[in-house]
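Engineer: Given next are the chains, with one letter for each unit.
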Amino acid sequence: MTKTNTGNFFEDFRLGSEIRHATPRTVTQGDIALYTALYGGRFALHSSAEFAAVCGLKPQPVDDLLVFHLVFGKSVPDISLNAVANLGYAEGRFGVPVHAGDTLCAISKVIGLKENANRQTGIVYVRTTGFNQQGETVLEFVRWVMVRKRDPAAEIGPAEVPETAPFLPPGRLVFDSLYFSHYDPVLAGSPHFWEDYSPGERIDHVDGMTIEEAEHMLATRLYQNTAKVHFNQHAEAKGRFGRRLVYGGHIISLARSLSFNGLGNAVKIAAINGGRHVAPCFAGDTLYAWSRIEDVWEIANRPDIGALRVKTFAAKDHPCADFPGDEEAHPQLVLEFDYTVLMPRRF
Amino acid sequence: MTKTNTGNFFEDFRLGSEIRHATPRTVTQGDIALYTALYGGRFALHSSAEFAAVCGLKPQPVDDLLVFHLVFGKSVPDISLNAVANLGYAEGRFGVPVHAGDTLCAISKVIGLKENANRQTGIVYVRTTGFNQQGETVLEFVRWVMVRKRDPAAEIGPAEVPETAPFLPPGRLVFDSLYFSHYDPVLAGSPHFWEDYSPGERIDHVDGMTIEEAEHMLATRLYQNTAKVHFNQHAEAKGRFGRRLVYGGHIISLARSLSFNGLGNAVKIAAINGGRHVAPCFAGDTLYAWSRIEDVWEIANRPDIGALRVKTFAAKDHPCADFPGDEEAHPQLVLEFDYTVLMPRRF
Amino acid sequence: MTKTNTGNFFEDFRLGSEIRHATPRTVTQGDIALYTALYGGRFALHSSAEFAAVCGLKPQPVDDLLVFHLVFGKSVPDISLNAVANLGYAEGRFGVPVHAGDTLCAISKVIGLKENANRQTGIVYVRTTGFNQQGETVLEFVRWVMVRKRDPAAEIGPAEVPETAPFLPPGRLVFDSLYFSHYDPVLAGSPHFWEDYSPGERIDHVDGMTIEEAEHMLATRLYQNTAKVHFNQHAEAKGRFGRRLVYGGHIISLARSLSFNGLGNAVKIAAINGGRHVAPCFAGDTLYAWSRIEDVWEIANRPDIGALRVKTFAAKDHPCADFPGDEEAHPQLVLEFDYTVLMPRRF
Chain A
1 MTKTNTGNFF EDFRLGSEIR HATPRTVTQG DIALYTALYG GRFALHSSAE
51 FAAVCGLKPQ PVDDLLVFHL VFGKSVPDIS LNAVANLGYA EGRFGVPVHA
101 GDTLCAISKV IGLKENANRQ TGIVYVRTTG FNQQGETVLE FVRWVMVRKR
151 DPAAEIGPAE VPETAPFLPP GRLVFDSLYF SHYDPVLAGS PHFWEDYSPG
201 ERIDHVDGMT IEEAEHMLAT RLYQNTAKVH FNQHAEAKGR FGRRLVYGGH
251 IISLARSLSF NGLGNAVKIA AINGGRHVAP CFAGDTLYAW SRIEDVWEIA
301 NRPDIGALRV KTFAAKDHPC ADFPGDEEAH PQLVLEFDYT VLMPRRF
Chain B
1 MTKTNTGNFF EDFRLGSEIR HATPRTVTQG DIALYTALYG GRFALHSSAE
51 FAAVCGLKPQ PVDDLLVFHL VFGKSVPDIS LNAVANLGYA EGRFGVPVHA
101 GDTLCAISKV IGLKENANRQ TGIVYVRTTG FNQQGETVLE FVRWVMVRKR
151 DPAAEIGPAE VPETAPFLPP GRLVFDSLYF SHYDPVLAGS PHFWEDYSPG
201 ERIDHVDGMT IEEAEHMLAT RLYQNTAKVH FNQHAEAKGR FGRRLVYGGH
251 IISLARSLSF NGLGNAVKIA AINGGRHVAP CFAGDTLYAW SRIEDVWEIA
301 NRPDIGALRV KTFAAKDHPC ADFPGDEEAH PQLVLEFDYT VLMPRRF
Chain C
1 MTKTNTGNFF EDFRLGSEIR HATPRTVTQG DIALYTALYG GRFALHSSAE
51 FAAVCGLKPQ PVDDLLVFHL VFGKSVPDIS LNAVANLGYA EGRFGVPVHA
101 GDTLCAISKV IGLKENANRQ TGIVYVRTTG FNQQGETVLE FVRWVMVRKR
151 DPAAEIGPAE VPETAPFLPP GRLVFDSLYF SHYDPVLAGS PHFWEDYSPG
201 ERIDHVDGMT IEEAEHMLAT RLYQNTAKVH FNQHAEAKGR FGRRLVYGGH
251 IISLARSLSF NGLGNAVKIA AINGGRHVAP CFAGDTLYAW SRIEDVWEIA
301 NRPDIGALRV KTFAAKDHPC ADFPGDEEAH PQLVLEFDYT VLMPRRF
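Protein chains in written order, with the working numbering: chain A, 1 to 347; chain B, 1 to 347; chain C, 1 to 347.
A couple of the hints might just be wrong.
[Claimed, not checked] Calculated lysine-lysine pairs in the PhoX-like style (CA-CA distance at most 20 Å, straight line):
hint, chain 1, residue 1, chain 2, residue 2
1, C, LYS149, C, LYS114
2, B, LYS238, B, LYS228
3, C, LYS238, C, LYS228
4, C, LYS238, A, LYS3
5, A, LYS149, A, LYS58
6, B, LYS3, A, LYS311
7, B, LYS3, B, LYS238
8, A, LYS149, A, LYS114
9, C, LYS149, B, LYS311
[Stated by the list, open to error] So these bits of chain A aren't anywhere near chain C, every CB distance computed over 12 Å:
hint, residue
10, LEU15
11, ARG240
12, GLU298
[To be verified] Counterexamples of contact, computed for chain B against chain C with all Cβ distances above 12 Å:
hint, residue
13, GLU91
14, GLU115
15, ARG150
16, PRO152
17, PRO191
18, ILE203
19, GLU212
20, LEU287
Keep in mind the hints are simulated off the structure, nothing from the lab. Cβ atoms here follow ideal geometry from the backbone N, Cα and C, with glycine treated the same way.
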């Protein structure tokens, strides 16, 4: 019997089963620095312990997307080692903040299974939850992924596709202990408050960032994400694209970092409503990003905080100054990311 | 109205105005490790908490140039987002040491403005000061930078060019709490004390280091330096050089790291007297460095510490064993960096 | 007199002399994160402070090979600056665990010298010992390296070649304070306990990892290893291979990281019995690895812990699914690494 883990194939998943993922991970100050070096993030809440303290959090919480990548990474060996494609996300909801010193674990529950017509693959829907060492939820999200069958002839039960909400309602956002009543917009680097944004508004984030092989591999390993397609040029040279694929989450983090220019006070991601990797990215691609404000929500009893639902788009090798009429159809589009941010109000 | 920050153009600067920069930054142990990984520094004061404690500082202070890059990085979005070239530095003076856990902020004062004859650009002179969370100065320096005008026709006031000192006098160096009375040169890795250096002496630092795109981008993002020319190959391909430019500070740090071989006991930079980026650097270039001792200063009432004013030169793709008669005219020269270091005396 | 350190040549070494190495190094949380980013390690003992605490160690010890690289790096400027090749290791024995905050130093004793017949070079054998700030041994090992003579005509004493043991006997392994009685294999990511492995068993680690220039240089600088061949493309272009050589230790760490798939519970390296860099590696190479179980040892009075002597092989650009009959003769072999790991027993 081989001792090598071959990962789960489509027919190995059982509806309703819970999978406890391996490799608990203590987040360190080193992760904070590496995350900054990889993306150049400037959101003040994550950059400064002093700024975070003024917002009610001390020390500074680590970047929300770093939490996402770490929790996602844990699920890879069990869920997507035999994946063909990562299809989508929904119902992402951040819980208690994560600080250096916290240890993260993750569990996934299989909430849907649907074989594809060709019987070669099927779609697995899981709800993945990340916890800290006290058992508090730091993040939960649904994702669905196309997974190969080991044996195309294997019999699969009736399709079960879960309903997911198009977005997390503002009432379900978590922001206990976060206060913007003494928020300093000059230190934060943006004069624009929640009141300044309107539904339908578009923001070009202007700058571009070119991806290098060393960078996306450093990032993906930092997240202990073992998906094969990111690391092995010898094998990928014979694969679909002839090249190593960049982890989709790397693109999300690059787009988020670029979005500082225009959304600098969107210091906290509270929800991931959805996401779609429209096209693969490779080393050498230059990423540009722009955003569209989807919704503007007041928060009950909180005159200091407002929420924005934002859709950030990333395109490769194409600046976004000419907002297309229909973003979703941009020919160079690689990412559509729908999320909810918390922003200070002018009060 | 766009929410994107387009940065200040030459006509936006006002003489005497003070600009409070954004993005306070908590320095972490992760920055220490990344700085080591980027440059391979071996100066014992920054490498070892135990060695630093023997020198009166505990824990180890972070590398002086890391402080420089972080403070410099904060000034970029306000001062040099529309820069054509970073022209020079003067009167750099390090203050209290910075340790992991400190949070750095920065302010710049506009101390000079001079339009260029072509009216397309002008030179902005600023004095930038970095502070820690207690408001103590960690570093101040003057820099001047050529900035584009938004509108070449804009009327500009009379030229004002500040006087800057050619070097910081030894009496103004800061080294409270630094003691070399129990300095161990074997652990430090160099047998050469302050007494061993003479004005005019030249030191070849021998080794060469090749620059990679991923490295200079990781470094520059770590410093939250957003200057566009370092990151966007898609745009730079059509630019002046066809390639991404390496942040000049990356070259300074590489040269400093190479200088360990010959200046291993120059553990503390106390002043940056001047600096000039003679030519641009690109990924693939190999940096070599050599130094010339400019001055040798005793420090009043401190038998344990001496100061050296050093000029370190970096050249690309050219070993420095054949010291040119006139360093400043070396055809491959990319950097001239004039600074003052503190060194243990043999007592 | 030049102040540049030219390193020791073969004729500079004296049998029995002890060399105290420079550059004490405080290990930080940043090193932990960078090590994860460089290799993607998933061994739970090093990934999680909570998991380590359950094993009797808190906080998590840093990766054993990181300790090896740091101690090795210290010895380079004195031992192998003028090396032609790093020939082998023996009698490596890990001592007390290393945690973030510890400061490491190293000493080497010259235990053998043997001039080569051509009189151009000779083999230097050293026993290198790494200590923490309390003077406790964290690691000792023997290595031998071929070093150039400065002057081929220099007279050398009679050859002295030390005997080294083929492996460290299990009775000499150090594992005080390590307990596997509450070990959780699901969190660790592997269902295979010590009892499941048999001598002669082979394990294909399946995955491949491609090496980038930026990565191996970041790693080697992180270890403050200054060997010239890793960093200088300008000089290496004219050298033996036309390219920068990857530090051999980088290959060891990559192979160890790949070995998680099949040896996931081998969370602690206790000994390095031997190692051989069979062929050089370069950026662009893709590493694959497989292992052969050499020995299976019970540990007296410890029903929770067992030891395995493992030989891990790394090959470049060749998957290892077809285990060769004779691993040591694999045409693409780059590394043979013989070491002893501690693993939980099923009790």
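Engineer: So, for every hint listed, does it hold in this structure?
Structural biologist: Here's how the hints hold up against the structure:
Between LYS149(C) and LYS114(C) the alpha-carbon distance is near 12 Å, which keeps this suggested pair within the 20 Å criterion. At most 20 Å may separate the alpha-carbon atoms for a hinted pair to count; LYS238(B) and LYS228(B) meet this at roughly 13 Å. Under the criterion of a C-alpha separation no larger than 20 Å, the hint pairing LYS238(C) with LYS228(C) is consistent with the structure, at around 13 Å. This hinted pair does not check out: LYS238(C) and LYS3(A) have alpha carbons roughly 45 Å apart, beyond 20 Å.
For the given pair, LYS149(A) sits about 47 Å from LYS58(A) by alpha-carbon distance, which is inconsistent with the 20 Å threshold. Under the criterion of a C-alpha separation no larger than 20 Å, the hint pairing LYS3(B) with LYS311(A) is consistent with the structure, at around 16 Å. About 26 Å separates the Cα atoms of LYS3(B) and LYS238(B), which puts this hinted pair outside 20 Å; it is violated. Simply put, LYS149(A) and LYS114(A) have alpha-carbon atoms about 12 Å apart, close enough for the 20 Å limit, and the pair holds.
About 34 Å separates the Cα atoms of LYS149(C) and LYS311(B), which puts this hinted pair outside 20 Å; it is violated. Every Cβ of chain C is farther than 12 Å from the Cβ of LEU15(A); the closest lies at roughly 21 Å, confirming the non-interface assignment. Consistency note on ARG240(A): stated as away from chain C, and its beta-carbon is indeed over 12 Å from all of that chain's, at 16 Å minimum. No beta-carbon of chain C is positioned within 12 Å of the beta-carbon of GLU298(A); the least distance is around 39 Å.
Listed as a non-interface residue, GLU91(B) keeps its Cβ farther than 12 Å from every Cβ of chain C; the least gap is roughly 29 Å. Non-interface status of GLU115(B) relative to chain C is upheld: no Cβ of that chain comes within 12 Å, the nearest being about 41 Å off. Residue placement check: ARG150(B) keeps its beta carbon more than 12 Å from all beta carbons of chain C (closest about 37 Å). With a closest Cβ-Cβ approach of about 41 Å to chain C, PRO152(B) is found to remain outside the 12 Å limit, as its non-interface label requires.
The beta carbon of PRO191(B) is not kept farther than 12 Å from every beta carbon of chain C, the shortest such distance being approximately 9 Å. The claim that ILE203(B) lies off the interface is violated: its Cβ sits roughly 5 Å from the closest Cβ of chain C, which falls inside the 12 Å cut-off. Here GLU212(B) does not stay apart from chain C, with its beta-carbon only about 4 Å from theirs, under the 12 Å limit. Listed as a non-interface residue, LEU287(B) fails to keep its Cβ farther than 12 Å from every Cβ of chain C; the least gap is roughly 9 Å.
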